[in-house]
Amino acid sequence: MLLYTLRRILEFVPTIFIALTLIFVITRLVPGSPITALIGNQSVDAAQIDAITKQLGLDRPILEQYLEWLPRVVTGDFGQSLFFSAPVAEVILDRFPITFALTFMALLVTVAVGIPLGILSAMRRGGILDYFGNVLSSLGMALPPFWLGFMLMLVFAVSLQWVPASGYRPMEFGFWSWLSRLVLPVLALSVSQIGLVVRMTRSTMIEVLGMEYVAMARTKGLRERTVILRHALRNAMVQIVTVIGLVFALGLGGSVIIENVFALPGLGELITTAAIRRDYPTLEGGIFYLTLVALVINLMVDLAYAWFNPRIRYA
Amino acid sequence: MTPAAAEATTPSTARSALRAIRRAGPMLLSGGTVLALVVLASLFVPLLVEIDPLGIDVAQKLLPPSAEHWLGTDEFGREVLDRLIIGAHISLRVAFAATLLTAVLGIALGALSGQYRLADSIIGRFSDALLVFPGFVLAIMILAALGPSELNVVLAVVVLYVPRVIRTVRASIIEFRSADFVQAARAVGVGDMRLLVVHILPKSFGPVMVQLTFGFAWAILVEAGLSFLGLGPPPPSPSWGNMISAAREFIRTAPWIMIAPGVMITITVLSLNLIGDGLRDLVDPRLQGKVGP
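So the sequences go chain by chain: A and B. The C-terminal residue of the first sequence carries number 834 in my numbering, and the numbering is unbroken. The C-terminal residue of the second sequence carries number 547 in my numbering, and the numbering is unbroken.
The hints are simulated quantities; they were obtained by calculation from the structure and are not laboratory data. This one's a predicted model, so the numbers in the text were calculated from it and none came from an experiment. Be aware that a few hints might be false.
So the derived list for chain B, only partly shown, Cβ under 7 Å to chain A, looks like this [what the hints assert, rightly or not]:
#: 1; residue: Arg269
#: 2; residue: Leu291
#: 3; residue: Val292
#: 4; residue: Ala383
#: 5; residue: Leu385
#: 6; residue: Met395
#: 7; residue: Ala398
#: 8; residue: Ala399
#: 9; residue: Ala478
#: 10; residue: Gly479
#: 11; residue: Trp510
#: 12; residue: Thr520
#: 13; residue: Asn527
Every residue gets a Cβ at the ideal spot worked out from N, C-alpha and C, and that includes glycine.
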């Protein structure tokens, strides 16, 4: 297990390295310099432009910039945000808890609904629940999550007025005040994830139910309940758990647009505003941080998977 | 079909193939019909009726759906229905161009990495790296760098999706490289290139088609998302995502402006996913019910 862990962590390093390099290259594909975007319509003389260019190091050769940039960002220093007068790392850490709360709650809802629905669908193939699960998952994967967000807002905030339409309140203002503003975003994010999880769980479960040991358990005369819970589900779970890592990464990606819909000041909202304002240090930092979290979670899931399933370690 | 394969078609696989067709048929038919309706409407309605997606008429602004304005009007008095139909052009055009380019690049690069070890390690590294970014943050970054335009949305979608196609093509090349029929062809003296193009690549056609169908659906969602964020084709071009984005100000007063484009996206994506599901069941009944892309 130790060896496997070490190997996985070693594989992790070049991946991060390439991801960082891609981030660097893409943000420097820019036609025109970020300075044009930065100064906008203000009238600035050439000397000032020069000063800003120097300050950002944009006057030096690209390779030199890269060699200076890489060791800096590896330590988490993405420099100063061009719009918030604060270091990028600070802005990111400020906003991450909101994104984390959103994605984590969406994950909980997804697992709580998706996995049971998938299992029941597999157990009663062709039944009403299977049909319902199929419609829900097909629809869930076709609905644009941001539009679904607005529709939820329309129904639950504008018409029924059960929860506020958008915005964010920290928990200090009271638990409900905090939660009520997250309910709709969490729902909007969960629906497409639930679709995916229902399908994956269903097909894994169907596969397991076709195994010989399940037939064996039935032949022994065990109750169907025991067959499903003790024999089939336990083995299917190993596969299903890996879905959780996938869903979390999906949620992090999806949060970018959902935060925008509900005006939640999280990391995703930071990334989209940075993209539109062309605030490159913030954009680079935000995207890297989000990617890093997704990667770490995937690594953890992989390790957990190997822990439960020793065959993987030696493959 | 090779003689060996024909022989292998025992009654039981024939029966399962029949079952696959019976299962796939309704999905292909319903998905195909809806998609055809969307495409035909977007192509032919502008020829039959006068359509003016940009015609501003402030006196007629924010009118709810009625007999005169079927889907209502927006904040500039433009017909929502007209914009929806023209919006279909943009959304489908972007998604189609992206899918086509993904297919060409994916097959070429996938074939290269299936064939040559050096190419494999380089292409493999890059596609792995492209896949680590969650969701479409990579697309956001690309559009932030290149600026919002239809072409750049196409490029971003291609960059995001091409690694998946590369993997599929590569996998089927590796699977069939040592198959008997390939060995036989090689023994007869068929050259490497011909072997690849005539004998091996066609084997990946099915899985790639399935993947591209899901990719098409996904491209529509990505385009809509990027447009919504203000990173897609710039307004006033009425892409579905742009319409949703512009409608958010009026969600309380004129929700119909927002509802219509979202419904169109959902219908189109749903029908494409159905086609993908159907194709997958046809291509490989073993994968029945598995998630697509």
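Taking the hints in turn, this is what the structure says about them:
1. Arg269: With a minimum Cβ separation of about 17 Å from chain A (threshold 7 Å), the hint on Arg269 (chain B) is violated.
2. Leu291: 16 Å, violated
3. Val292: This interface hint is violated because 13 Å lies over the 7 Å limit.
4. Ala383: At 4 Å from the nearest chain A Cβ, Ala383 (chain B) passes the 7 Å test, so the hint holds.
5. Leu385: 10 Å, violated
6. Met395: 5 Å, holds
7. Ala398: Holds - the Cβ of Ala398 (chain B) comes within 7 Å of chain A, reaching about 4 Å at its closest.
8. Ala399: 4 Å, holds
9. Ala478: 5 Å, holds
10. Gly479: 5 Å, holds
11. Trp510: Interface hint status for Trp510 (chain B): violated (11 Å vs cutoff 7 Å).
12. Thr520: Since chain A brings a Cβ to about 5 Å from Thr520 (chain B), closer than 7 Å, the hint holds.
13. Asn527: Since the shortest Cβ distance to chain A is 6 Å, the answer is holds.
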